[in-house]
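Student: Residues per chain are reported as follows:
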Amino acid sequence: MFLNMTILVALLLAALWTVMTRSLLRCAIGLAFTSALVAVAMFRLNSPVAAVFELSVCAGLISVLFISTITLTQPITREEMTEYVKERVKRFWYLPFIVVAAGIGLSLLHIQINLTLPAPEAQTNVRSMMWNVRQLDLLGQVIILLTGVFGIIVLFKEAEKK
Amino acid sequence: MNPALNLFWPFSIFIIVLFVIGLYCMLATFNLIRALVGLELIVKAVTLLLVLAGYINGHTALTQALVITLIVVEVVLIAVAVGVVIAIYAHNNSLDARQIRRLKG
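Residue numbers (our numbering), protein chains in the order written: chain A, 1 to 162; chain B, 1 to 105.
Calculated directly from the structure, the hints in this document are not laboratory data.
Cβ atoms here follow ideal geometry from the backbone N, Cα and C, with glycine treated the same way.
Watch out, some of these pointers could steer you wrong.
Said to hold, decoys possible - Which chain B residues face chain A? A few, computed with CB under 7 angstroms, are given here:
1) Val17
2) Leu18
3) Ile21
4) Leu48
5) Gln64
6) Val67
7) Val73
8) Val82
What the hints assert, rightly or not - Non-contacting residues of chain B with respect to chain A, defined by C-beta distances greater than 12 angstroms in every case (computed):
9) Arg101
10) Arg102
11) Leu103
Generate the whole structure from the sequences, applying the supplied hints.
Tutor: This is the structure we're talking about:
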C-alpha cells in the first residue's frame, strides 16, 4: 500500500509539473514521466501487457511526436509566457471550489457502487482475449490506424501545396 | 472481502485529481500543444481507471485488451491532432487558439 501511495503521489506531482511548467519542452518531458509512472501503476495492478504498451507507445512515441512538433514550431515569446502565467491562475480561481462542490454534491447523492462482483469465469490470458474474444476491436484498430495515416498524408499534402 | 477493494478509493481519488489537472490544463491555456497535453492527461486518468476496474473485478485480460485499443486510438488521435497543429502554425504562424477563431465555412 505504501508503495502504491508513493507511486500515485509521484504521478500527481509529475502531472502538476507538466501543467505548471513554463517551457513546452519540459511539459512534453513531464508528460513522458507521467506516462512512465502510469505504466508502473499498471504493473502494480496486475496488467503487465497494457503497462508495456503504455510505456512504449505513450511514454515513447507520443513524447517523440510532441517534441518534434515543438521543434517544428516557434517557441512562445517571453511576453506571452508571462501573460500566460499571470492569467492562468486568475481566470480559473473558481475551479477548485467547483471541484469541491461537485465532490460534496456527489457524496450527498449516496451513490451505491457494487464493488463485490466476483469473477468466476474471468479469462486471464490476454492473448486469447485479444485474438479470440475482441476480434472486432482489432478490426477497429486497423481502420483507425489507416484513417490516421490517410489524415496525416492529406494534411501534409495540403501544407506542401501552400 | 476482496483485498483488492482496499485500493479502490485511494486510486479513485488520485485518478479524479489527475482528470481535473488535465481538464485545468485544457481550459487554462491558449496554446494548442498544451491543450493536447491536457487531453493526454485526461486519457491517462481514464486508462488507469479501466485498469483499476479490471483489477478489482478480476477481469484483467478484458481490461488490458480494452486499454490496448484505447492506446492505439489515443496515438492516432494525437498524431492527427499534431498534424493539424503544424498545419495551423504554417497558416497562422502562431500556436495561439485565439488566432483561429475566425474560420471559413
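Student: Decide, hint by hint, whether the structure agrees.
Tutor: For each hint, the structure was consulted:
The beta carbon of Val17/B is positioned within 7 angstroms of a beta carbon in chain A (closest approach about 6 angstroms), and the interface hint is therefore held. Taken as an interface hint, Leu18/B checks out: its beta carbon lies about 6 angstroms from the nearest beta carbon of chain A, inside 7 angstroms. Residue-level restraint check for Ile21/B holds (minimum Cβ-Cβ distance to chain A is 5 angstroms; threshold 7 angstroms). Look at Leu48/B: its Cβ gets to within about 6 angstroms of chain A, closer than 7 angstroms, so that hint holds up.
For Gln64/B, the interface hint holds, the least distance from its beta-carbon to any beta-carbon of chain A being 4 angstroms, beneath 7 angstroms. The criterion of a C-beta within 7 angstroms of any C-beta in chain A is met by Val67/B, whose closest approach is roughly 4 angstroms, and the hint holds. Residue-level restraint check for Val73/B holds (minimum Cβ-Cβ distance to chain A is 6 angstroms; threshold 7 angstroms). Proximity of Val82/B to chain A holds as hinted, the smallest CB-CB distance being about 5 angstroms (cut-off 7 angstroms).
Annotated as non-interface, Arg101/B keeps its C-beta farther than 12 angstroms from every C-beta of chain A; the closest such distance is 17 angstroms. With a minimum CB-CB distance of about 18 angstroms to chain A, Arg102/B clears the 12 angstroms threshold, and the non-interface call stands. Distance check on Leu103/B: its Cβ is at least 15 angstroms (rounded) from any Cβ of chain A, clearing the 12 angstroms threshold; non-interface status holds.
The earlier numbered hints are all upheld by this structure, with none contradicted.
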